[in-house]
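S.K.: Now for the letters of each chain:
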Amino acid sequence: MVGEQAVEVIQIAAAAMAGEVPAERLAEVEFAYPTFTAIVGLAARQVVHALRMPLDEARAWGALGRPRVAEWERREA
Amino acid sequence: MNAPRNDRFDLVVLGGGPAGVTAALRGAELGATVALVEQHRLGGTCTNDGCAPTRVLARAARFLRDATQLPAYGISAPPPTLDLRAPGGDAADGLPPAREEADGGTPGARGRRRPRPRRHRDIPGRERGRARRRRLLEADRFVIACGGHARRLDFPRQELAMTYSDIWQLERTPRSVAIVGAAATGAQLGSIFAAFGSHVTLLEVAPRILAGEDADVSAALAGAFTGHGIEVVAGIGGIRAIEQARRGLRLTYRLADGERELAVDAVVLAVGWPGNLEPLDLPAAGVATERGYVRVDETLRTSAPNIWAAGDITGRMMLVQSATFEGRVAAENALRGDGHSARHAIVAHGGFTDLEYASVGLTETQAAATGEPIAVGVVPYADLDRAVIDGRTEGFCKLVVARDGHPDPRRARGR
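Top line first, the protein sequences correspond to chains A and H.
All letters in the first sequence, in the order written, are residues 8 to 84 by our numbering.
All letters in the second sequence, in the order written, are residues 18 to 432 by our numbering.
Simulated from the structure, these hints should not be mistaken for laboratory data.
Misleading hints may appear alongside valid ones.
Unchecked claim - Derived Cβ-Cβ restraints for the label pairs, each shown as a range:
1) Arg32/A <-> Pro390/H: 39 to 49 Å
2) Leu153/H <-> Arg32/A: 55 to 65 Å
3) Gln18/A <-> Arg151/H: 40 to 50 Å
To be verified - Selected chain A positions facing chain H (in silico; Cβ < 8 Å):
4) Gly10
5) Glu27
6) Val28
The beta-carbon is built from N, C-alpha and C at its ideal position, and this holds for glycine as well.
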C-alpha cells in the first residue's frame, strides 16, 4: 500500500495474516471512524465483492474498473 | 594489569544491535549466564546511525511538509527553517535500547549452571590509553550478531561518495544530491533530502525503484517523487566514475544509449549492506560464509556446531524486526536445542517516504505466480474519509487474497 500512515496501517494486515483471518471476516470488522486503518476493511469488502462473483465475471469486472465502496456502507449489495 | 581475565558463560553473544541484544536478553530469560560483546555502543546500526536516526530526519521532513498545509486549516505561521545539525542529535539520543547496560556489565548475570566450556574466543577489549585490555571469554555456545555495513562500489574516486553512515556528518543540506540505489534506503534518503530542499536525483540499476515491492507501489512512489521534484532515473547501467569538479562533484553514469553526467554537491551510495565479517576470524572458528554473509541453516546454526548467527550478518532479511526475531530464535536454539525454524513468514515493512509505502506478504505478481487463484481489492485513499479530512488523498491500499478468502495465497492450498 501507498499513502498516509501506510507503515502503521499495514500492521493490521500483518495481524490478519498471522491469525489467518479470511477476507470475509476482515470485511465485517467495524473499524474506528474516521481512521486510515479502516482502508483495510474497505479493501476486504472489495475483495469479498470479487469473491462472490464467478472468476470469469470477476475478471470482466476488473476490465471495467474495480467497484468503489463508500466507507459508511455496512454491507455489500 | 593487562593480563587476560578468564570468564565462562553458557552463551556469548557477539554484537549489541537488535539481534544481539535480543539474543542476550532471551538467553538471560532462559536462565543462562550470558556475555554480550559490543565493539562500539549498544543498539548497533539501528539505534546509532541507521533506521532510528533516519526516522528522526523523516520526522523533520514531515514537519516541513505538514507546515505547507497549515493555511488550509486556518493557521498562519511563517515558513519553517531547518537546522540540519539538530535532528538526530537530542531526538536520537532518547532512543532505545537501554544504554545503561553498556556500562552495567553483561546482561544475564544470573547463575544457573557453569558447565565445562568446549570452545572459547579471545576477544580484544576496549582501548584505554596505550594499553589494550584483553579479556578471554569462554562459552559453550555463541551467537554471532555483528550486523553489516554500507557497501561501496568499485569505480574511480568512489571515496568521494558518502554512504548511509556518513550523512550524519552533514551540517547543511546539499543543494543537489545524487543517490545511487533506490531500494528502501535510497528511496527514504531521497525523499528526506527533497523535503529539506535538495534537488535529488535517484539512480537505480533495476527497471524501477523499490524493485522488491509491488509494481503498483513502485509506480505510485515514482510518481509522487517526481511530483516532489525528484528526478528518478531507473535502469541505469552502473556508475562510471565520480570526479572532483571546481564546485562540487561530477558523477558519470551509464544508460543504454550512452553516458550521462550529473553535477551535484553530494553523492550517496545506497547499494547494499554486506555482513561485518572482516573483524571476525570466522575460518578459525569453522564458520562458513557465502556472498559476504555468515551461512546459516533454517535454525540459524552456522557450519560450526556450537555457533549460531542472527540479524544482518546472515544476509537473510535486513530489517530490525527480523533481526530481533532471529536473535530470539538463535538464543533459544543455542540454549535449548529446540531446532525452531527462523523462517520469516509474515514480515510487515515499509518506508517513511513521502508518500509512505508498506507491505506484508506477497506482491500481486508473486501471488499470481503461486498458481493459486487470487482476488484483488484496491481502494484509493481518496475513498477514505480520514484521508479527505487530513488532506492526504494520494495513495491506495491493495489487498491480495486467495480466492477461498485465505489472506496468504502461499498457504491457502489444501485448506
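S.K.: Report the numbers of all earlier hints that the structure fails to satisfy, in ascending order.
M.R.: When the structure is compared with the hints, only number 1 turns out to be violated.
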